[in-house]
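Q: Just so you know, the sequences run in chain order A and B.
Mapping of the first sequence onto this note's numbering: position 261 corresponds to residue 261, and the numbering continues sequentially without gaps.
Mapping of the second sequence onto this note's numbering: position 156 corresponds to residue 156, and the numbering continues sequentially without gaps.
Keep in mind that the hints were calculated from the coordinates and are not lab data.
Everything numeric in this text was worked out from a predicted model, so none of it was measured.
Hints may be right or wrong, so weigh each one.
Unchecked claim - Listed next, the in silico BS3-like pairs over lysine-lysine satisfying Cα-Cα at most 30 Å (straight line):
#	chain 1	residue 1	chain 2	residue 2
1	B	4	A	328
2	B	4	B	136
3	A	348	B	140
4	B	136	A	9
5	B	117	B	98
6	B	136	A	202
7	B	140	A	202
8	A	144	B	32
9	A	202	A	328
10	A	61	A	144
11	A	202	A	348
12	B	94	B	32
13	B	136	B	32
14	B	93	B	32
15	B	136	A	348
16	A	65	A	144
17	B	4	A	9
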Amino acid sequence: MEFALIAQKFILIVVIFGISLLAAMYSTYAERKVAAFFQDRVGPNRAGPLGILQPLADGAKMFMKEEIIPTRANPFLFIVGPSLAIMTACIGSAVIPWGQQMVIGSTVVDLQVTDINVGVLYIFGVVSLGVYGIMIGGWASNNKYSLLGAIRAASQNISYEIAMGLSIIALLMITGTLSLRDITAQQHGFWNGHWFTWNVFKQPLGFLLFMVCAFAETNRSPFDLPECETELVGGYHTEYSSMKLGFYLFAEYINMFVSSAVMATLYFGGYNYPFMDVVNAHLGLTWGPLVGTLVLFIKIVAFIFFFMWVRWTIPRFRYDQLMDLGWKILIPLAIVNIVITGLIYNFK
Amino acid sequence: MRAKDFVIIQMSLFYFIAFLSILFALLVIFSKNPVHSVLYLILTFFTFTIHYILLNAQFLAVVNFIVYMGAIMVLFLFVIMLLNLNKDTEPVKKAVVKIASVVGGGCLLATIVASVKALGISEPVVLKTADLGLVKHLGKVLFGEFLLPFEVSSLLLFSAMVGAVLLATKDKSNA
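If we strip away everything but chain A, and leave its shape as in the complex, we get (with noise of 0.2 Å):
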């Protein structure tokens, strides 16, 4: 029997791991043909048919390139580094749950690595680590515009993560769990009868200042400060070649792919659809939860395409305007959020 567990726990977290890095490689295609798209241009067309082998063929790029170590560089630590970024990456994804509970013959299988009674706080603390690789890789660079990058993605990252955490606890006082399986079960279907169940319809406010958290957390354009080329030369990854240049890079996209897991599963009913019910009773067990799965990655892929979007409209932030952002504009209105978050729930 535990046998059995432990078998069945492995084999979902290679899928998941493997789903992730799948996903993070056409990430990086889809990225290019998003842009091309708002561009005007074709984008990558000549490695197989619409150019669908393009990361493939990056990925060969990545591997067969000549690694440098700079010479008065950190080695260790140089390594560390996006081995660090890369690992946190790839951490968050254990506690989001990507299904129902599936009945395969007379097993229940749970769709979720672990239901820690902590999973937000888990994420929380996976956010806050993933600072650690960008940080040690540039100062392990021994270059002044690596040590910048380095620099400003703490910074950043620290004072987003308190407007991050402020926007939480609003959602927690509405759910009144940190468990994500209990959120998400929350949020079954789409309309219980006297409104809308997801968790963005009850707190909108809410999900604005986490999504804005989120893409700063990611450091994603337009929070992208710690590599902004313009200034920087390439940020934190100045001196990075070769497969060690592909790890930070990568672990941009499998961010990506985690954080727009989180933001569906906590606000936009992770693995639940209108009528879903339904659809179970037609399939079964076994299958039905598959369709729910499906839904989440549907939602996933929109929320990537939402960051893409913004991405390619949105010009990137000084460095001021980022920190006025985060420190009197977000942190502000999370505490209202808080306190407006209270005041309905005591008199509802």
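Place chain B on chain A using the hints.
A: Quick look at chain B alone, frame taken from chain A:
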């Protein structure tokens, strides 16, 4: 049988993690480069998080992870990277200071050794409820039984924050 195995695994895990905690704590002191010191301190805090998980205090573990590892140590690293300390800029201490610190450190060591010698091994405390450290329980205790100390400590933190903001903005009004 199974419970006994579990206890043995937990104990050996504890000893291993405790060893790592002490090792990393020593490396914080002995490493020459301040950035390495901070990185070792981060690892020390990480082993503390594992200790909390072993004690089934998940909330404390995650909060330690977020606050100490994720926020405070990032600021430490930030400041030390900005200062860019190295051997050349390090001021050389006078001989008197060196001798005084050796004597002081020796006294401290003697006191610690004496107190460790006097220490008896305490009986292990058995928790009445296993879920003592979980969020629900902790929240009830903090906002019920210990509400006053909780509020007082929050006031303390608030006043410290106001003080910090005041100090930070002082120079601007003069200039």
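Q: Decide, hint by hint, whether the structure agrees.
A: Here's how the hints hold up against the structure:
For the suggested pair residue 4 of chain B and residue 328 of chain A, the alpha carbons sit about 55 Å apart, so the restraint of at most 30 Å is broken. Of the supplied pair hints, the one linking residue 4 of chain B and residue 136 of chain B holds, its CA atoms being roughly 29 Å apart against a limit of 30 Å. Under the criterion of a C-alpha separation no larger than 30 Å, the hint pairing residue 348 of chain A with residue 140 of chain B is consistent with the structure, at around 23 Å. Annotation: proposed proximity of residue 136 of chain B to residue 9 of chain A holds, straight-line Cα distance about 27 Å (limit 30 Å).
For the given pair, residue 117 of chain B sits about 29 Å from residue 98 of chain B by alpha-carbon distance, which is consistent with the 30 Å threshold. Taking the CA atoms of residue 136 of chain B and residue 202 of chain A, the gap is about 23 Å. The hint holds against a cut of 30 Å. For the hint linking residue 140 of chain B to residue 202 of chain A, the alpha-carbon distance of about 26 Å falls within 30 Å, and the restraint holds. About 22 Å separates the Cα atoms of residue 144 of chain A and residue 32 of chain B, which keeps this hinted pair within 30 Å; it holds.
With a C-alpha separation of about 24 Å, the suggested pair residue 202 of chain A and residue 328 of chain A falls inside the 30 Å cut-off, and the hint holds. For the suggested pair residue 61 of chain A and residue 144 of chain A, the alpha carbons sit about 28 Å apart, so the restraint of at most 30 Å is met. Taking the CA atoms of residue 202 of chain A and residue 348 of chain A, the gap is about 13 Å. The hint holds against a cut of 30 Å. At most 30 Å may separate the alpha-carbon atoms for a hinted pair to count; residue 94 of chain B and residue 32 of chain B meet this at roughly 19 Å.
Proposed proximity of residue 136 of chain B and residue 32 of chain B is contradicted: the alpha carbons are some 44 Å apart, above 30 Å. For the suggested pair residue 93 of chain B and residue 32 of chain B, the alpha carbons sit about 16 Å apart, so the restraint of at most 30 Å is met. At most 30 Å may separate the alpha-carbon atoms for a hinted pair to count; residue 136 of chain B and residue 348 of chain A meet this at roughly 23 Å. With a C-alpha separation of about 24 Å, the suggested pair residue 65 of chain A and residue 144 of chain A falls inside the 30 Å cut-off, and the hint holds.
Restraint check for residue 4 of chain B and residue 9 of chain A: the C-alpha separation of about 25 Å stays at or below 30 Å, so the hint holds.
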